[in-house]
Amino acid sequence: MKRVPWLVPTLYILFLLLPIYWLVNMSFKTTNEILGSFTLWPRNFTLDNYVKIFTDPTWYNGYINSITYVLINMVLSIVVALPAAYAFSRYRFLGDKHLFFWLLTNRMAPAAVFALPFLQLYSAVGLFDTPIAVALAHTLFNIPLAVWILEGFMSGVPKELDETAYVDGYSFWGFFFKIFVPTIAAGIGVAAFFCFMFSWVELLLAKTLTSVAAKPIAATMTRTASTSGYELGLLAAAGTLTIVPGAIVIYFVRNYIAKGFALGRV
Amino acid sequence: MNKTVNQKAWFFVLPVVLLVAFNAIIPLMTVVNFSVQETFGDNMFFWAGVRWFEQVLQSDRFHAALGRQILFTAIVLLIEIPLGLAIALTMPRKGPWVSVCLVLMALPLLIPWNVVGAMWNIFALPDIGLLGRLINGLGIEYNYTRQIFSAWFTMVLMDVWHWTSLVVLLCYAGLVSIPDAYYQAAKVDGARPWAVFRYIQLPKLKYVLTIAILLRFMDSFMIYTEAVVLTGGGPGNATTFLSIDLQKIALGQFDLGPAGAMSIIYFLIILFFSWLFYTLMMKDEAR
Amino acid sequence: MENAAFLSWMAWTWPTAAFFLFIFLCLVGMSVWEYYSPGGTPRHGILGLDTTRGDRLFISLLGSAFIFLAWLGLVGTPLWGPLAIALVYAFAVFKWV
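Chains A, B and C, in that order, are what the protein sequence lines are. Read in order, the letters of the first sequence correspond to residues 1 to 266 in our numbering. Read in order, the letters of the second sequence correspond to residues 1 to 287 in our numbering. Read in order, the letters of the third sequence correspond to residues 1 to 97 in our numbering.
So here's chain A without its partners, still in its complex pose (with noise of 0.2 angstroms):
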């Protein structure tokens, strides 16, 4: 019975590797192999899929337009979020705790009720298939997502900085850029990663904000499964590409990601 404990994580993490081994497995697999047989691992072994992806430029430009717009919120998001949170974390204002709430529904509220309004209105001030379109449209969760990360961090951080910091002649600003911000150094690190996150994986507002010019890289997935039928290896490759990100800097937030999801409330 003492073997059980371990057991029930290691089957669990088991569940979650399998789909993307299978999906691993296909992108290094040529087309025939996958329809004509069933294999376990590649047989032929062919890395045709990412060369393809590298070198065409309807694929590999889908992944700079992503990454643009995704830039583009992140920077935004922090910068317009850091007075706010500070806002929040340290005074009451007519409103406030409204004004909180009111954030938070904008995180809750379903993408599929404002994508056509946003198509209209990003048609309307002519920012339509730009990056900066979906980056303003994502910043609608990411903006309550980055406020209420930052507040939860700044709360964490004692009054008395502050004050200590007026006595000793800052002025708000100064104070604000020299001292209270490499103090929660960390949390916008945390906030930024998030805002990274959510604005990778959001597919229908940044499908319906663009047509060719800034398509992003899940878009021309979708087509390309449409369209191109069975062309399951070279989708297998770019749905890889896809994780990398993830995956790569998964490893310096893993303490934080619960705080993160959570709205910085754990």
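In silico BS3-like cross-links for lysine-lysine, where the CA-CA straight-line distance does not exceed 25 angstroms:
#1 B/K206 with B/K283
#2 B/K3 with A/K97
#3 A/K178 with B/K8
#4 A/K97 with B/K8
Note that these hints are calculated values from the structure, not bench results.
Assemble the complex: chain A is given as a structure, and chains B and C must be docked to it using the hints.
Relative to the frame of chain A, chains B and C by itself:
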């Protein structure tokens, strides 16, 4: 922390308010405007009153989609919350395996949603997918594009795969915050594992579980991308959940009026549950 | 010109504009009221919730929305019935919740 009253703090939150309002309020107003009018294209609108609301609320199609949505959310919550809790309780608390567990478990959370759908699509294909092949090999007929039960089974399994880790990580974060002294005291008292769980761990977990249920409820209630990529709402309409149905009406048929009315009903449901869980959460946090 | 194009896609109507103006005025009114005569600490109402005036306004509005939806789903168009119920409900929320 005691906060000082300072109305000038509004200037700090103003950029956030303006940006989010641009993204949230203008589209919401537009949806409300659409919901009371009829359009034949070319920006020609005619007043329709509350007709669309009446039509949507009394239509079988909406009831069916809402019913499927509630059923799906209920199943997913009933599986993911206990399973996530069980896994968190059996995870190691110390040692090198902690990081390995955390990293591997978080992996599904960071995969783009359409890739999750595509991955399961490939994984569950009856002829060349590992899962489909395995189930059919056991002598059970399984084809998620043809059979309703298979489609639901795959959908639920995919969601469990995708999101149980979130519950695990939240519960785990709650568990590691319990000081060792509590466990030692329980050991001295000779408490059984069940008593330890009931009187030490569960009270600590109440808050994180509220958040886990809130997040899982909301996200499963809005499921769209993964489901569309996996089954496209089929077979027939068997897995057409609320978001999928809404998109079919809005972008597929371009029926702005009914889509607007449905959006508002959908939004109000979400708003109610957000408020309910938020109130519960803040009550726990105040303690 | 730019502005006209920007507004036309939003398809404004007078009733919806009036509705949003009403909500906006409610918010402004509540803010002014709170600023000049603070409602003080939250009150513990019959639902077991601690609510301030703003919370009560939110509960009234959201509840009224559901009253209207339920009426439309179960009964039909003349909306005077739910309007009366919603007003009574809002009054009750401000008085007791």
